[in-house]
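Chain A is fixed; fit chain B onto it per the hints.
Residue numbers (the working numbering), protein chains in the order written: chain A, 700 to 1072; chain B, 700 to 1072.
Keep in mind that a hint or two might mislead.
The list treats identical chains as interchangeable, and a pair is accepted whether it falls inside one copy or across any two copies.
Lysine-lysine pairs mimicking BS3-like chemistry, simulated, CA-CA at most 27 Å apart [stated by the list, open to error]:
id, residue 1, residue 2
1, 1019, 740
2, 785, 1019
3, 785, 948
4, 1065, 785
Hints listed in this document are in silico derivations from the structure and should not be mistaken for laboratory results.
There are 2 protein chains.
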Amino acid sequence: MTLSFTIHATAGNARTGILATQHGDIRTPAFMPVGTAATVKAMHPEAVAATGADILLGNTYHLMLRPTAERVARLGGLHQFMNWQKPILTDSGGFQVMSLAGLRKITEQAVTFQSHIDGSTHVLSPERSMEIQHLLGSTITMVLDECTPFPATEDVARASMEMSMRWAARSKDAFVKRPGYGLFGIVQGSVYEPLRLRSAQALSEIGFDGYAIGGLAVGEGQAEMFRVLDFTVPATPAEKPRYLMGVGKPADILGAVERGVDMFDCVIPTRSGRNARAYTSMGEINLRNARHADDPRPLDAATNSPINRYSRAYLHHLFKADEMLGPMLLTQHNLHYYQELMAGIRAAIANGTFAAHADSLRNGWKQGDFAPL
Amino acid sequence: MTLSFTIHATAGNARTGILATQHGDIRTPAFMPVGTAATVKAMHPEAVAATGADILLGNTYHLMLRPTAERVARLGGLHQFMNWQKPILTDSGGFQVMSLAGLRKITEQAVTFQSHIDGSTHVLSPERSMEIQHLLGSTITMVLDECTPFPATEDVARASMEMSMRWAARSKDAFVKRPGYGLFGIVQGSVYEPLRLRSAQALSEIGFDGYAIGGLAVGEGQAEMFRVLDFTVPATPAEKPRYLMGVGKPADILGAVERGVDMFDCVIPTRSGRNARAYTSMGEINLRNARHADDPRPLDAATNSPINRYSRAYLHHLFKADEMLGPMLLTQHNLHYYQELMAGIRAAIANGTFAAHADSLRNGWKQGDFAPL
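Pulled out of the complex, with its shape left as it was, chain A reads as follows (with noise of 0.2 Å):
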């Protein structure tokens, strides 16, 4: 194992730490925007940095098909072709796999599917997808796992999650260890408990660096995927960083947190903000509405927001005039914003004071926006 994860405090199953890597220190609970394509959409990557994030996510699937994994490696590498300095995660790809891409056969052996950029034919296998990650340059390599469909019967799911079980095998053995790079698996299991028990058993039998929860915020819903969460965690090594793939939104991430889960990401701040949905203190906001044409007032006063020297009235503006400035300002503030709230709760969760601060964040969230002018 070539990470090294630090457990400074806890609070109930929640816990801040650091993730120490060959790129720098994660500081954990973790939110890690989405760079899809080698980019956080309509953000420069100082930008990125500057909202607080230590690491963000690469899609294995979007970059083995352009630019191509050979390519980032003969120009240096994710972390140089980006110029990000921080650690990368990067997916399988197995996700994006059953999601985007076109005719899909899936084996014991890999899966071949079909490009959804131009229709091209391609293979990936666990030992693929560890050597694309390799190329790539991943700080953290995430095992190919096939993602379970949603709902699943249990037998579908047994045998989704026993197939993946014996690619994460596949994916450790290919897997090339270097100091301060790790390998993480995923667990799954859909929503069946002993399923989830045994992935997770499993898991910790190979053994890896992180164990992230997959096939959970695929429509099951928050209370589902809490309760899911509730006995999936605990079945994971508790000395190891937990990832839950793919959440969420704030109270997603406030309540894995309280179960035990210290890093996540999501599209939503990204994917959100493009579309003048904002993320603040006082829950969702939506930019477009006429009710914010004539305000002057900051979007969120209570947050360090580095768009708060914006009114309300001029990202109003151009959202309506579909200037690029309003998907570039309000990504901007919904990462940071992200970042705001991580940063909280690993305060929270160091000095004692989480169960009052998550009271807290979610009174704010359900008191809504302020009154307009």
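Relative to the frame of chain A, chain B by itself:
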């Protein structure tokens, strides 16, 4: 007169100096990035300032329709609205009324037109244009003129120019003088020397803080534009700043500076940047070209481009993947290149090396891009 213009050095007809305003000094020759709808497309305002721009241009036509001048005024004026504290020049709205608006009717009194956004009817007179630009808080206001079509017969051009001169007098009467704010007249007359001379004379008699040259860069070609400048520029008062509207490419700007022009605006660096076209010391470069796909070199190492830490391969990838960061970075580069061009021109005029510097610039553009690897 309420703006102070000081010429520090000359080289032939070229001059360098300072136009002092309420919002700060403008170093001339100056290039003004275009911020049509209260934003320079794809740029944070602080990034625009970081390119070296002393002033930007806002479009009265767009702003009067959305968000409206009255709303901008309620929100503290255009500077505060868009977070740009340096000088702003606004055009009069006349040019866009002719190029963008729907059904138009021009009378001696005013132009009536339909919004290209929602078809609503609006009236723009010299007095209303002054009022709108006052509401916006423009540092430099432009008189309302009629943009003479090109080509135009001498009779058509004369009638149009003469109405524009009457509108210039009405604009001057309606303009509210304030220290550090100014009003520029606009010379018209198409390609006809007698008309241009008469127009310049008429404006001089009215008296303005600066003299713009309108009705060029409308399809007449660079040689014809230079021919018109050769007799038009000397007809304007030498002690006032001269502004060539809507120009242009780097070679157009250089040739116009040699003919005594002090100020420029153009959408080329921003629009081209969004379309993968870069302006460099080696001429124009299209980043969509496949020759860049594997090229690890920076775009233009001979300049201090803020995007030189990215490879051409990365820029190519961003445009192929339709990522917003491509337009963001290339707009930033182009605006920086234009400002570096202007800074070099100013320095060369000041230290007596302008002719050699102009040769050097033209040789670089003519030589073109370096060979593929």
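Hints, verified against the model:
1. Taking the shortest Cα distances, residue 1019 and residue 740 sit within 27 Å of each other both inside one copy (20 Å) and across copies (14 Å).
2. In this assembly of identical chains, residue 785 and residue 1019 lie within 27 Å of each other by CA distance solely across copies; the values are 25 Å between and 36 Å within a copy.
3. For a Cα distance limit of 27 Å, the shortest separation of residue 785 from residue 948 inside one copy, 24 Å, qualifies, whereas the shortest one across copies, 39 Å, does not.
4. Neither within a single protomer nor between protomers do residue 1065 and residue 785 lie at most 27 Å apart by alpha-carbon distance, with minima of 35 Å and 41 Å respectively.
In summary, the one numbered hint that this structure violates is 4.
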